[in-house]
Amino acid sequence: MKGGIEEFLKTEKFEGYYEELIVELEKLNSKLHIFSNINKGLSTGLPFSVKDNICVKDVVSTASSQMLNGYTPPFNATAIERLPKEEFGFIGKTKMDEFGFGTFGINCKDHPLNPFDDRYVTGGSSAGSAVATAVLKHHISIAESTGGSISCPAAFCGIIGFTPTYGLVSRYGLIDYASSLDKIGVMGRSSADIRYVFDKIKGSDRYDTTCVDHPISKESRKKLVIIDQLMAGVDEEIASSFDRTIGKLQNIGYYVEHKSIPFIEKTIPAYYIASMAEASTNLAKFTGFKYGLKINDFSKGYNDFFTEARNNFGLEAKRRIVLGTFVRSSSVKSKYYEKALRLRHMMINALGVILKDGFIISPTMPIKTPTVKEAEDFDPVKEYSIDSITVPPNFAGLPHISFPSDYIKGMPVGTQIVANHFNDYALLDFVERWESQFEYRFKYNVGAL
Amino acid sequence: MKIGLEVHVALPTETKLFCSCSTNADEPNTSICPVCLGFPGSKPMLNDAALKSALTVAKALHCKINDNTYFLRKVYFYPDLPKSYQITQLDGAIGHGGYVDISKKRIRIRRVQLEEDPAKIIREDEYSLLDFNRSGIPLNEIVTEPDIETEEELREFVNELRSILYYAGVDINKEMKTDLNISLGEERVEIKNVTGIKNLVDAERFEVKRQGELISRNQKIPKETRAYNSETLSTISSREKESDEEYGFIYEPDLASYPTGDIVIPEVVIASDVARQLSSKYGLNEATVKELVMFDRHALGLVQYGLKRSNANRVINAIELLKRHGNITISDESFGKMLSYLDKGLLLNEDAIKSLQENRQVEIEKNTVSTKEIDKAILGIVAQRQDLVREYKTNSKAFNFIVGMLLKKYKVNPKYISERLAEVLKDKA
Ligand SMILES: [Zn+2]
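Quick mapping for you: the protein sequence lines, in order, are chains W and H.
So that you can map any letter, position 191 of the first sequence is 191 in my numbering, and since no number is skipped, the others follow by simple counting.
So that you can map any letter, position 383 of the second sequence is 832 in my numbering, and since no number is skipped, the others follow by simple counting.
Bear in mind the hints are in silico, worked out from the structure with no lab data behind them.
The model shown is predicted, which means the values in this text are computed figures rather than measured ones.
Where is the CB? At the ideal position from N, CA and C, for every residue including glycine.
Hints may be right or wrong, so weigh each one.
[Claimed, not checked] Pairwise CB distance ranges (calculated):
(1) 137(W) x 517(H): 18 to 26 angstroms
(2) 383(W) x 686(H): 45 to 53 angstroms
(3) 331(W) x 552(H): 19 to 27 angstroms
(4) 681(H) x 302(W): 45 to 53 angstroms
(5) 570(H) x 84(W): 16 to 24 angstroms
(6) 620(H) x 69(W): 40 to 48 angstroms
(7) 219(W) x 550(H): 54 to 62 angstroms
(8) 345(W) x 671(H): 52 to 60 angstroms
(9) 345(W) x 604(H): 23 to 31 angstroms
(10) 550(H) x 302(W): 27 to 35 angstroms
(11) 620(H) x 294(W): 56 to 64 angstroms
(12) 345(W) x 594(H): 32 to 40 angstroms
(13) 570(H) x 9(W): 50 to 58 angstroms
(14) 315(W) x 550(H): 56 to 64 angstroms
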């Protein structure tokens with residue numbers, strides 16, 4: 001792929017580049033609410049944005065939560081630290097569903113809006129990162145996915161969202177949602193850009209025990225597997241768009257097989273149990289007196305003090321803390337938390353068999369992009385069920401990419417492709433082939449040469 | 450009566466359990482970092498030295514070592530706990546199923562686990578202060594089965610455990626915190642966070658009395674958690690029922706599972722076993738040998754070295770002699786020399802001992818005296834001072850006066866002099 005990051009850095013002289021870019025970006029930001037802060041001091045390098053749950057040294061990092069108001073980490077996340085300063089310039093922190101809790105990107109103050117049509121949601125939780133990628137011509141975003149937080153907004157905003165194999169990118173500096181599921185990934189406008197950045201940030205890190213130096217393969221597959229259960233609830237228009245995408249892929253040499261994993265439907269409850277259990281412990285540290293939001297009234301006992309502080313969590317965060325605390329309590333633990341972990345192993349095994357000689361392909365999201373109004377009316381259980389396709393690879397720690405594959409009435413549609421653990425490069429190769437015969441569309445090109 | 454203990458001791462590492470902060474800092478809140486303060490974004494990384502040290506203790510307590518050891522989150526809210534969860538272990542702990550032998554029985558060890566210490570709370574009248582220097586210090590928790598049945602066994606067990614910990618490299622002068630589970634009746638009462646050994650025994654004694662009285666009045670002993678107050682020497686109910694404790698344990702997803710198979714775990718000497726064996730082999734007083742070696746690896750080394758060269762009693766006497774002179778620091782070679790002088794019937798004065806400890810030549814003429822000469826001197830005084838000899842039975846001053854006279858002249862082992870004098874006087878009487 002030509003015209004990538006290296007090409008940009010070679011040709012752009014950065015004379016007045018950022019002055020102009022910042023003006024335009026701020027204008028767009030007041031309309032689409034992409035960033036929680038924009039770095040106006042940038043003068044060179046490819047602009048990169050960072051999801052607000054990833055720490056950037058001396059920059060307020062709140063995971064879009066009131067609880068972390070003003071939290072200024074004294075360190076960089078490893079992924080940020082590894083981006084060479086002479087090549088990359090930090091442009092700002094992007095908004096997200098609070099702590100990553102949300103499918104639509106609307107669980108935060110002044111939530112982002114879809115760049116193709118601002119009546120629609122962006123998808124979440126890496127909402128601002130997806131919008132930033134959709135509006136900036138030359139840019140990448142460091143985002144994060146726990147259960148689909150990269151794929152979903154990538155699909156709704158018409159960009160590429162890459163979630164690597166769990167453990168390939170250090171989580172040091174990530175404000176945790178569910179540590180055993182959280183993966184830092186990359187959003188961009190081309191597979192080449194994503195590959196370039198992935199190569200810089202991956203690899204073991206002494207500060208994150210769960211991060212490994214594993215060889216990454218590029219074993220291409222011609223077989224694309226459709227798991228029937230995942231197609232069950234898919235919207236008709238999305239389904240026929242997906243058929244067209246499959247047709248195009250067949251034209252360039254891929255073939256399709258159908259497979260069935262009956263228990264895959266249990267993934268949603270199992271994922272939510274496991275992730276909420278972990279989230280409720282990760283969020284326990286927010287008690288309002290060491291960092292972020294500080295309560296300065298020390299007249300009460302500790303129990304009252306922290307209870308009051310924790311009132312500042314948003315509704316969805318409270319829901320997940322309460323449910324997560326319940327599912328790991330001793331009387332029901334074996335029924336929920338432990339069962340969920342067993343199902344996760346079953347899922348890893350079942351998907352692993354399929355991925356030995358194929359990729360798993362599906363629409364990224366089972367629904368068309370909802371409007372903000374529609375999304376607000378979803379009840380939580382329905383909202384969770386919308387993640388049915390993005391959750392399985394996330395739950396199993398498998399690498400996956402959502403790439404733009406179609407446009408329905410001007411709104412982008414994404415397709416998700418999943419590979420076996422550590423076969424990340426094969427996915428990027430696959431998307432590169434797709435790009436050779438499909439043209440991505442963007443409404444904005446801020447910072448175009 | 451059934452007593453079970455949960456003993457917490459700090460492991461001897463340079464740095465904390467999950468970060469590289471020093472474990473030695475005086476000024477409050479100077480040895481801290483994002484990890485041990487629980488900053489959002491930070492992650493724990495396991496200190497290999499702490500793992501090895503915990504394994505050493507577990508093996509010394511005869512535990513089965515788990516092939517893979519892993520961690521859990523124990524969630525509760527308290528101001529000293531930065532993450533509002535403690536990284537600890539349960540199943541998947543370092544070791545389980547061990548034991549400690551005391552004189553008449555075996556106390557089973559249920560589990561040895563590795564965990565992080567919370568911060569230190571310093572309570573003032575109106576407020577409390579927190580010192581996070583302690584947050585993340587590696588702790589070993591040693592959990593026994595409820596096999597202890599008397600106060601004597603409790604004392605003996607704690608002494609034995611401390612000796613093992615000492616030989617495993619743990620600094621036993623650091624505060625030891627114990628949760629004491631004690632039941633005279635059906636229900637178990639837990640006394641949390643008892644510091645030190647004296648308090649532990651006092652708490653046990655109070656609780657035995659309290660529960661005993663309840664039983665004699667036919668009252669039920671409620672299952673509860675109590676706290677020990679070292680000023681009133683009593684325990685009071687913490688008003689929290691054990692059944693209310695809900696820690697919501699989950700696996701610690703920020704850490705891996707750690708294989709233990711390739712870690713070389715040092716053998717730890719069980720000093721009381723060695724003392725027992727030596728005593729029976731050489732006909733020594735077991736209590737005397739234990740007293741010397743339980744908390745002194747150098748003394749144990751000297752005993753083992755000396756017994757290959759000299760008479761067992763003489764070896765013990767020589768070490769006691771060194772001890773009386775202040776410290777037992779001496780090279781094996783000089784200790785061998787010392788034994789050879791004693792073998793020849795020479796008594797060593799302070800200068801002689803000092804010379805030996807400093808690996809210098811001993812001036813035989815000036816600094817030693819033969820036992821024969823002492824005997825002669827004793828007989829001389831006894832003959833001259835009949836007044837004192839008559840008095841010595843009723844007046845201990847008279848005896849001490851004679852010893853003092855002799856010591857002034859010879860500056861040698863007072864033990865030898867008083868023993869010999871007592872023998873001579875007994876004969877004369
Ligand atoms: Zn630290």
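Kindly confirm whether 45 to 53 angstroms is satisfied by the beta carbon distance between residue 681(H) and residue 302(W).
violated (25 angstroms)
For the hint 18 to 26 angstroms, verify it against the beta carbon of residue 137(W) and that of residue 517(H).
Violated - the Cβ-Cβ distance for residue 137(W) and residue 517(H), about 50 angstroms, lies outside 18 to 26 angstroms.
Distance restraint evaluation - residue 570(H), residue 84(W), Cβ atoms, bounds 16 to 24 angstroms:
violated (45 angstroms)
Note whether the CB distance of residue 331(W) and residue 552(H) lies within 19 to 27 angstroms or breaks it.
violated (43 angstroms)
Quick check: does the Cβ-Cβ distance between residue 620(H) and residue 294(W) fall within 56 to 64 angstroms?
Given range 56 to 64 angstroms: violated, Cβ gap about 37 angstroms.
Distance restraint evaluation - residue 570(H), residue 9(W), Cβ atoms, bounds 50 to 58 angstroms:
For residue 9(W) against residue 570(H), whose Cβ atoms are near 53 angstroms apart, the range 50 to 58 angstroms holds.
Between residue 383(W) and residue 686(H), is the Cβ distance one that fits in 45 to 53 angstroms?
holds (47 angstroms)
Distance restraint evaluation - residue 219(W), residue 550(H), Cβ atoms, bounds 54 to 62 angstroms:
With a Cβ separation near 58 angstroms, residue 219(W) and residue 550(H) satisfy 54 to 62 angstroms, so the hint holds.
Beta-carbon spacing of residue 345(W) to residue 671(H) - inside the hinted bounds 52 to 60 angstroms or not:
violated (43 angstroms)
Please test the hint of 27 to 35 angstroms on the beta carbon pair from residue 550(H) and residue 302(W).
violated (43 angstroms)
In this structure, is the beta-carbon distance linking residue 345(W) and residue 604(H) contained in 23 to 31 angstroms?
Taking Cβ atoms as reference, residue 345(W) and residue 604(H) lie about 49 angstroms apart, which means the hint is violated.
Cβ separation of residue 345(W) and residue 594(H), checked against the hinted range 32 to 40 angstroms:
holds (33 angstroms)
Violated hints, in rising order: 1, 3, 4, 5, 8, 9, 10 and 11; the structure is consistent with all others.
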